[in-house]
Amino acid sequence: MLLIGCPWCGPRDEVEFRYGGQAHVDYPADPAAVDDAAWADFVFMRDNGKGPFAERWYHAAGCRRWCNAVRDTVTHEFLATYRMGEAR
Amino acid sequence: MPDHASTHRAATHHDAAHDALPAHPAHLWRNPEPRRTYDVVIVGGGGHGLATAYYLAKNHGITNVAVLERGWLAGGNIARNTAIIRSNYLWDESAAIYEHSLKLWETLSDELDYDILLSQRGVMNLLHTVGDLREASRRVHSNRLNGVDAELLSLDDIARLCPIVNLDQGVRHPVLGAAFQPRGGIAKHDHVAWAYARAADALGVDLIQGCEVTGFDIEDRPDGGAGGAGGRVVAVETSRGRIGAGRVGLIAAGHSSVLAAMAGIRLPIQSHPLQALVSELLGPVHPTVVMSNAVHVYVSQAHKGELVLGAGIDTFNSYAQRGSFHVIEHQMSAAVELFPIFAGAHVIRTWGGIVDVAPDASPIIGRTPVEDLFIDCGWGTGGFKATPASGWVMAATLATGEPHPLARPYALERFTSGALIDEHGAAAVAH
Chain A
0 MLLIGCPWCG PRDEVEFRYG GQAHVDYPAD PAAVDDAAWA DFVFMRDNGK GPFAERWYHA
60 AGCRRWCNAV RDTVTHEFLA TYRMGEAR
Chain B
0 MPDHASTHRA ATHHDAAHDA LPAHPAHLWR NPEPRRTYDV VIVGGGGHGL ATAYYLAKNH
60 GITNVAVLER GWLAGGNIAR NTAIIRSNYL WDESAAIYEH SLKLWETLSD ELDYDILLSQ
120 RGVMNLLHTV GDLREASRRV HSNRLNGVDA ELLSLDDIAR LCPIVNLDQG VRHPVLGAAF
180 QPRGGIAKHD HVAWAYARAA DALGVDLIQG CEVTGFDIED RPDGGAGGAG GRVVAVETSR
240 GRIGAGRVGL IAAGHSSVLA AMAGIRLPIQ SHPLQALVSE LLGPVHPTVV MSNAVHVYVS
300 QAHKGELVLG AGIDTFNSYA QRGSFHVIEH QMSAAVELFP IFAGAHVIRT WGGIVDVAPD
360 ASPIIGRTPV EDLFIDCGWG TGGFKATPAS GWVMAATLAT GEPHPLARPY ALERFTSGAL
420 IDEHGAAAVA H
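Keeping their order, the protein sequence lines are chains A and B.
Quick note on numbering that gives the first Met the number 0: the first sequence kicks off at 0 and runs consecutively.
Quick note on numbering that gives the first Met the number 0: the second sequence kicks off at 0 and runs consecutively.
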């Protein structure tokens, strides 16, 4: 069970959240100019490493806002949580 | 010395939960030192890697093969699954490969001369909504067109096949019907791994444990080695030294992304914990395998008598081989509603494995951007049932350098072409 530090609500139980996958994946600046390989990269390819991982969580049963977090994928330790739009 | 031949004769049906388990052979495999070079190096000594090694030797006569395993043989997902076997997938590409697998399962004890305790007790998928009924009807007809045995069951059929299912229509998610694959069932997962390992070893394959791959030696990088993909693999770097390789197969399940990254390859894979649990040993109460997508539980009774239940994946990425308790709690609440008799049982042990999930819940098999480096991953939550076919097609792919016909639809390129094989419905585990 994870304890997630929502930047607005404070530490809350994991069951209040939904997971949003990797954070900081930008929509292509000029979508019409992007080829199939670049689209595949944007739509399907995600980092999947061991160690610190920047990811998104949605506080569905709380403030209903998204936040970002850096969590270690081996230990599950949260190294940081921060608001959308803030730098990692 | 156990009399293996006599234990083997009881191979095909073990429906009584308290049948004695067969004794194991005294010798399983050697522990050789790695040679300097092999024709084929397989990274990953789990079920799929061992099956690949066996079929390389058996079907293709390629025996100068090493299987490199970071830990011990068959200690990952082949030791952590719920041992369910079936082939009732929706799409033609899936039915072809999973049905090929089921046919291999049906003769595997004889093929490997080792009783894997295949028990074709049937797999029942419960249906709880009108949408479920329609989707199941579509899938059953699709299965039949593809030569996969499948039928729709009435409530009376369910009560006859599995009397302990709660058919009360007043519960939160009443059972309205079921789809059934009579040839589905379970096998003894450890025996499967040990059987493939022993047979591969006997044919000359080197099974090398405690040997972690730390990098790939790739020649002719288009960017001169700065990091991008391309070039040709000639060796693997390991914790036990450099091992030359004609071809390399990455068959590492949950760790596929980590290994691929060492070769400069990015995969559309996310690694998640998947949990399961067992009860204490009970008398025979559950004669088949029951799965429910809607309320999310899948359960059978193992040969020794314990109830084996699988949960859903934890949604977050992880390599920890453990998941959150609320996932277990959710699964247990569903199990007790579907099987009120289970309320008297106890959870003895829970565990987790790391599954490699692709966006379309289908595997990735075939070439990579690096020449002579092939991949077999993305089996996600359903890899156990695919073990024989995965090994079969990957062996052919490694032997010839060309993807086996059953593997072609599963190329990595499908994520660029858009030809996805969406099996989220048949994969049966919520992701």
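Hints are computed from structural coordinates only; laboratory data are not their basis.
Among the hints, a few may not be true.
What the hints assert, rightly or not - Stretch-level coverage of chain B by chain A, calculated; a stretch enters the list once three of its residues show a Cβ under 8 Å from a Cβ in chain A:
#1 251-261
#2 267-275
#3 310-317
#4 321-330
Glycine included, each C-beta is placed from N, C-alpha and C at the ideal position.
Now the hints, each set against the structure:
1. 251-261: With 3 residues closer than 8 Å to chain A, the region 251-261 of chain B meets the three-residue bar; holds.
2. 267-275: holds (count 4)
3. 310-317: As far as the region 310-317 of chain B goes, the hint holds, because 4 residues have Cβ atoms under 8 Å from chain A.
4. 321-330: Contact hint for the region 321-330 of chain B vs chain A: holds, 3 residues under 8 Å.
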